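Enquirer: Sequence:
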Amino acid sequence: MIAFGSAVADADSARMAAQAAAEEARGQLGGARPALAISFASPAYSDLGFVPGGVSSVLGGVPVVGGTSGGCLIGPNGVSARGVSVVVLGGEGIEAKTVTASLRSPSLLEVVPAAQALTTAAEDAATRGFPEFTCLVFAPGAGADGEALVAAVRKGVGSRVPLAGGLTGDDLTYDRTRVFADGEVRGDCAVLTGLFTTRPLGVAARHGYRPVGQTRRVTRSDGQWLVELDGRPAFDVWAEDVRAAGGDMPAGRDHDVAVFLANHFEIGVLDATRPEAVVRCPLGIRSDGAVRLSGGIGEGKRTRVMVAAENGVLEASREAAEAARKAAGSGVGGALVLACTSRMVSLGSDFTRETSAIASALDAPIGGVCVFGEIARSRRDADAFHNATTVVLAIPSAS
3 MIAFGSAVAD ADSARMAAQA AAEEARGQLG GARPALAISF ASPAYSDLGF
53 VPGGVSSVLG GVPVVGGTSG GCLIGPNGVS ARGVSVVVLG GEGIEAKTVT
103 ASLRSPSLLE VVPAAQALTT AAEDAATRGF PEFTCLVFAP GAGADGEALV
153 AAVRKGVGSR VPLAGGLTGD DLTYDRTRVF ADGEVRGDCA VLTGLFTTRP
203 LGVAARHGYR PVGQTRRVTR SDGQWLVELD GRPAFDVWAE DVRAAGGDMP
253 AGRDHDVAVF LANHFEIGVL DATRPEAVVR CPLGIRSDGA VRLSGGIGEG
303 KRTRVMVAAE NGVLEASREA AEAARKAAGS GVGGALVLAC TSRMVSLGSD
353 FTRETSAIAS ALDAPIGGVC VFGEIARSRR DADAFHNATT VVLAIPSAS
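Take the position in the sequence shown, starting the count at 1, then add 2; the result is the number in our numbering.
There's no promise every hint is true.
Stated by the list, open to error - Straight-line Cα separation of at most 25 Å, DMTMM-like style, residue types lysine to aspartate or glutamate; simulated pairs:
| id | residue 1 | residue 2 |
| --- | --- | --- |
| 1 | K328 | E317 |
| 2 | K303 | D232 |
| 3 | K303 | D273 |
| 4 | K157 | E112 |
| 5 | K157 | D273 |
| 6 | K303 | D385 |
| 7 | K157 | D385 |
| 8 | K157 | E301 |
| 9 | K157 | E125 |
| 10 | K303 | D383 |
| 11 | K328 | E134 |
| 12 | K157 | D224 |
| 13 | K99 | E186 |
| 14 | K157 | E134 |
| 15 | K99 | E25 |
| 16 | K157 | D190 |
| 17 | K328 | D365 |
These are computed hints drawn from the structure, not numbers from a lab.
Keep in mind the model is a prediction, meaning the values are calculated, not measured.
Given the sequences, and given the hints that come with them, work out the whole structure.
Expert: In structure tokens form, the structure reads like this:
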């Protein structure tokens, strides 16, 4: 079986919080051996670098992945604005292997060999009775094109391997996003983990946002930069649609404007074959009106501005939990939850209702964080990178 433990701890230092959360999470394993720790920490800690080592020291040297939080930590008893969260996976039903890849080029093809190494490890694990392979991916939210990242990972692990993970966050400054990799806190790499299990894990993602305004076509893009919509500067068109939808659009084109759009009026990529649009959030705006997105949108794609509707957002979270639980089968022991920071901002105090709904639908403890970009793909999904979305990775407890 797979054992699951989750805890959040707050303390004056990151080291103390990390050790306390790891101790509490380990206590929930029922004596099972830990295989992997997934940890997140508030970026404001001055001793943030002690988190991976603090967690690992409690758990007997197991690998620690994760990174900085995007404004909120998620634990089995609710949410916390500050502290360290730790999810521990262990037991006889799971093995894990972690690799890192530097982020050097726009295409991120340097990630492919790392992903291929996990494929080799998965083949070896299958000979030992662990036939299921799920790939967990984390990268700094300000340092990677999410769309290019998942494309590189899929090229390395294959098109049918389920994915889960996210782009780590900070306090909406977009300059302190970090990952935990190789026992360090880094801003220049992605960390990939192969989860090799006896039973399939369940992964699902939903957002529940609704489109407003006109349908626009991407007439020019350049990697992460959305340059033109309908032949005009992308930001000008975006702002026009926000105002038409009743949004109180701030003046200018600075960081605060990008944050406003990211939290209230993101952009959705339309596809008639999908039940929900794939959402992208802005990270910055150039003087010429080009908008830097968390993941690129190809030319010719149709888009609309997206807004959160409270009931739709909460219902989407419950649907994600139920879909993940169904995919994992009976006996879910816990779940990793990765929710977009924009959901926390949109829902405000009601964000606790979202996490409570997920835990209730799973009938199991949860742990996780708010992130700046979400990675989720089951074997049947066409898309893998999202914004404004909640990802649920359900961990089966029965063997």
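Enquirer: Below or equal to 25 Å on CA atoms is what counts here, so check K157 against D190.
Expert: holds (21 Å)
Enquirer: Going straight from one Cα to the other, do K157 and D224 come out at no more than 25 Å?
Expert: holds (21 Å)
Enquirer: Within 25 Å, alpha carbon to alpha carbon, are K157 and E134?
Expert: This hinted pair holds, its Cα atoms lying about 18 Å apart.
Enquirer: Taking only the CA atoms, is the gap from K328 to E134 under or equal to 25 Å?
Expert: Given that 25 Å is the threshold and the Cα spacing comes to 16 Å, the pair holds.
Enquirer: Against the 25 Å threshold, does the CA-CA distance of K99 and E186 hold or violate the hint?
Expert: OK: K99 and E186 at ~17 Å, within 25 Å.
Enquirer: Are the Cα positions of K99 and E25 separated by 25 Å at most?
Expert: Holds, because 22 Å separates the two Cα atoms, which is no more than 25 Å.
Enquirer: Take the C-alpha atoms of K157 and D385, compute the straight-line distance between them, and say whether it is at most 25 Å.
Expert: Within the cut-off at roughly 14 Å; holds.
Enquirer: Does the structure keep K328 and D365 at a Cα separation of 25 Å or less?
Expert: holds (12 Å)
Enquirer: Do the alpha carbons of K303 and D232 lie within 25 Å of each other, as the hint requires?
Expert: At roughly 11 Å apart (the allowed maximum being 25 Å), D232 and K303 satisfy the hint.
Enquirer: So if I understand the rule, the pair passes when the alpha-carbon distance is 25 Å or less; does K328 with E317 pass?
Expert: holds (17 Å)
Enquirer: Are the Cα atoms of K157 and E301 separated by 25 Å or less?
Expert: holds (22 Å)
Enquirer: Given the proposed pairing of K157 with D273, does the C-alpha separation stay at or below 25 Å?
Expert: Holds, at about 23 Å.
No hint from the list above goes unmet by this structure.
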